[in-house]
Amino acid sequence: MALLEIKNFNVTYKMKEKEVYAVQDACLELEPQDAIGIVGESGSGKSTLAMGILRLLPRTAETTGEALFEGSDLMQMSTEELSKVRWNEIAVVFQKSMNALSPVHKIGKQMEDVYLIHKPGTPKKAIRDRIYELFRVVNLSDRVYELYPHELSGGMMQRISIALSLIMTPKLLVMDEATTALDVVTQSQILREIIQLQEQLHLTRLMITHDVSVVSSTCNKVVVMYAGRIMEKGRVVDVLVNPKHPYTQGLLKSFPSFHGEKTDLRGIPGSLPDLSVRPTGCVFAPRCPYATDKCRTQLPKLQSAGDETQNWQVACHLVGGEENGRD
Amino acid sequence: MKRYIIKRFLTGILVVLVSVCINFVLIRSAPGNPVRILAGVDNPNPAQIEALTIKYGLDKSLPEQFISFIANVCKGDFGYSYANERPVLELIAEKLMPTLLLSLAALLIAVLFGTLLGIRSARKSGGVFDRLMCTISYFFDSTPSFWLGLMIILIFSSRLGWFPTSGMVNMRGGYTGWRYVADVAYHMVLPVSTLALVQFPYYFRIARSSVLQVMSEDFITTLRATGMKESRIFNKYVLRNALIPTVTVLGSSLAFLLAGSVYIETVFSWPGMGTLLFTSISKRDYPLLSGIYLILAITVAAMMIIVDLVYSLIDPRIKYE
Amino acid sequence: MKKKMTAFKKELGRNSQLRTGLILLIILLVGAIGAPLFATHDPFKLYDSIRVAPGVDGFWFGTDNLGRDIYSQILYGARTSLEIGIIAAAISAVVGTLLGGIAGYFGGAVDKVILEFINIFVMTPSFFLILIIVAMFGSNIRYVMIVIGLTSWPGNARLMRAQAISLRERTFVRAAQAMGEGRASIMFRHIIPNGIFPIIANTTMQISGAILTEAGLSFLGLGDPNVISWGQMISAGKQYLVKCPWISAIPGIFVVITVLTFFMIGEGLNRFISPKMQSNK
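Residue numbers (this note's numbering), protein chains in the order written: chain H, 1 to 327; chain R, 1 to 321; chain S, 1 to 281.
There may be inaccurate statements among the hints.
Unchecked claim - Taking beta-carbon pairs under 7 Å as the criterion, some of the chain R residues facing chain S (in silico): (1) Trp147; (2) Leu154; (3) Tyr263; (4) Ala302; (5) Met303.
As the list claims (entries may be wrong) - Non-contacting residues of chain R with respect to chain H, defined by C-beta distances greater than 10 Å in every case (computed): (6) Ile13; (7) Cys21; (8) Ala47; (9) Pro87; (10) Arg120; (11) Phe129; (12) Leu132; (13) Cys134; (14) Leu223; (15) Thr248.
As the list claims (entries may be wrong) - The calculated DSSO-like cross-link candidates involving lysine-lysine, where the alpha carbons are at most 27 Å apart (straight line), are: (16) H:Lys294 / H:Lys253; (17) S:Lys10 / H:Lys18; (18) H:Lys96 / R:Lys7; (19) R:Lys7 / S:Lys112; (20) R:Lys236 / H:Lys84; (21) R:Lys124 / H:Lys16; (22) S:Lys10 / H:Lys16; (23) R:Lys124 / H:Lys18; (24) H:Lys119 / R:Lys236; (25) H:Lys16 / S:Lys9; (26) H:Lys106 / R:Lys236; (27) R:Lys2 / S:Lys112.
It should be emphasised that the hints constitute simulated quantities derived from the structure, not laboratory data. Note that the Cβ used here is the ideal one computed from N, Cα and C, for glycine as well.
Whole structure, please, built from the sequences with the hints as guidance.
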């Protein structure tokens with residue numbers, strides 16, 4: 001059974017004057033110990049999707065669809081049920097780790113508080129030992145316990161966020177642009193640590209990033225999102241090596257090659273479409289160099305590409321598949 | 001930290017010195033001669049005027065007068081009131097307590113209610129309660145305290161007869177002990193309510209907007225994601241963060257409060273510093289005026305420094321070098 | 001500029017506070033400017049009908065203890081309140097903008113000195129300074145305006161300083177510097193025009209404060225005896241509060257409305273500047 005199964009997931013922001021369709025019809029499966037990367041430009045809905053399944057979106061956001069965690073739907077859970085799953089089973093490392101903790105409470109105390117939510121009545125000493133253990137895991141010294149968030153650097157706070165996320169040994173770890181704000185050296189160091197941790201703790205990881213290189217170096221599967229829709233998903237070795245969707249191709253071209261070869265460093269011309277308008281055809285059609293009339297009028301569905309074992313899906317009329325086939 | 005305290009303390013002394021300096025020069029350069037007022041305007045006796053001038057040191061130059069004033073203040077001697085024929089410090093000490101009683105009681109109520117209502121408003125911002133409270137706070141913020149005082153007297157004292165119109169205690173009552181305390185408290189109800197009503201919007205708005213601001217911070221999302229109960233997030237994390245601005249404005253609020261109490265004392269005939277200040281202005285009682293101003297400047301500066309230090313204790317982000 | 005005007009018009013449609021405030025302001029201005037036209041009586045004249053209740057004998061708001069027509073006095077009093085409020089706030093805005101702009105843009109020692117000066121000013125009980133100055137030097141309306149203006153600038157100075165500090169790092173200011181434009185010229189042509197908006201909003205609020213201060217001084221008997229002031233009118237009714245409450249009540253209501261008007265405009269402008277506050281609402 002999949003650890004997390006997202007089915008027909010939609011997020012709509014209801015504004016005064018308009019509705020913004022931030023995520024549309026997202027389907028996704030996470031098998032235990034997968035490491036899935038969701039990539040896309042900012043505004044592609046990747047963070048909204050993750051926050052949506054965790055039910056952390058503001059009240060203006062309306063979600064529909066299912067998010068089955070070990071078979072039970074996170075969307076239908078009561079507040080009590082949900083708070084048992086939160087952090088015990090699913091933990092998050094947030095984007096802006098500098099502000100991830102309260103600025104006027106000591107770091108150790110806040111972590112202690114989180115521990116006590118799920119294991120109330122644990123002796124202080126035991127919690128403290130657990131926190132020190134986590135500090136060692138993320139290479140921080142014990143004295144951090146007594147410090148306040150502003151006394152640490154961005155990289156150190158990132159480690160704190162990771163340590164905090166591991167405190168209950170969750171099954172699923174969601175990392176929302178968790179390393180984006182860091183410098184390259186710190187970033188690669190932390191990413192290496194995360195991969196090690198994943199092996200030790202048998203974590204399943206959902207990584208949200210706009211940086212394709214992070215996905216290629218730390219994940220085994222990848223989901224490409226654009227304008228709230230999934231464009232292509234599959235194994236990293238397939239999708240990022242031999243991308244089939246024109247958008248994935250463009251996205252990869254806008255990053256320098258991993259092997260250091262000089263390639264054509266061009267972005268994709270045009271910009272994100274207005275998300276408050278439901279497109280009639282493929283959302284990428286206005287920017288797609290290969291767009292046909294069919295692309296502009298008919299919505300392409302995610303279709304299998306490649307063979308059964310690859311589990312590679314592409315939403316493009318130009319790529320093979322029974323329905324979306326070229327005609 | 002130590003250096004910071006010393007620095008703040010020195011700034012405080014500087015502030016007091018500067019304001020006293022301005023005030024001293026202003027008072028002495030103003031038109032109107034106190035000796036003439038004392039000697040009586042109708043039949044000025046030149047010999048008497050000269051004697052009084054020498055007695056109060058008014059024949060010396062301004063800098064000389066200023067230096068001797070400061071020297072005396074350092075010795076604890078604030079001078080001698082011409083008009084009242086009593087030491088300035090004694091007069092002030094007598095009137096300071098009623099004013100502080102009035103102001104601090106009002107401050108306590110205004111901060112308490114303003115903050116609580118602000119927090120309540122912010123929890124359901126945009127709701128009926130919030131909109132109602134915002135309107136009410138706007139209204140009282142725009143209301144002159146003295147006019148509100150008059151209207152309150154009109155309704156609760158003259159029409160309904162629930163509370164006394166003026167004064168601090170019933171002179172004919174001759175109360176002692178707890179009866180006296182109760183009578184003062186009874187007399188305090190209307191003036192304190194008036195002062196608290198015009199002050200509370202300030203604390204209401206600060207509490208409301210800082211709670212709203214803190215609730216939109218990233219760490220609130222983190223805490224939600226950990227499965228922490230909303231009530232605990234609010235009571236432990238939001239409040240601690242949101243109350244910091246309220247503490248920081250407490251320092252500057254004393255000056256406003258004392259200003260407000262001048263009006264309230266006038267309206268309710270409260271025997272405090274406001275009344276004293278007023279008579280000293282009309283009689284051009286220089287030593288008394290300087291004394292009052294000095295006491296006020298010291299009190300306000302001290303309050304600000306204390307609040308600054310408290311602020312550095314409750315907000316770990318503030319580190320003074 | 002035209003773009004800004006359309007944005008402003010759009011904002012007026014959404015921002016009910018700003019809209020109500022501006023409508024009230026127009027009514028107040030029309031009333032104050034057109035006072036001689038709208039007045040039914042001579043505001044200074046002592047009529048024989050003393051302490052007449054509102055509506056009686058053609059006195060819409062009644063008469064005061066000396067037989068003056070309250071309605072006509074209200075109209076002329078609006079002139080005093082608006083004049084004092086606007087001029088005092090303008091003085092505060094000019095002083096605050098200049099000092100704050102210099103401190104923020106020039107930085108270094110200049111900034112330190114001005115900042116310390118601001119701190120000292122903030123820590124002095126300015127209300128008592130106003131009280132003493134007005135009491136000592138006489139209650140001419142000009143004194144009152146100037147003194148209120150000169151004691152209320154530190155807030156504006158702090159705002160402008162913060163603006164200047166952030167603006168001086170911006171590309172267009174750097175470019176002007178690189179092109180050899182003088183410091184004073186940069187300050188007046190780039191820093192102040194681009195950073196002025198929060199000061200405008202704050203100054204609008206200060207008009208409210210100045211009107212309240214003037215009313216208070218007049219109430220304490222420190223107002224200009226040669227002009228009609230709402231504060232003096234409230235004070236005049238003090239003795240007759242029980243039998244003739246309208247003498248004090250009516251001018252007070254007008255103070256509240258006028259102060260509220262400027263609060264609403266200021267708050268509305270603030271919301272216009274930082275739309276984040278709007279989403280909180």
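Those earlier numbered hints the structure runs against, lowest number first: Of the numbered hints given earlier, those the structure breaks are 4, 5, 14, 18, listed in rising order.
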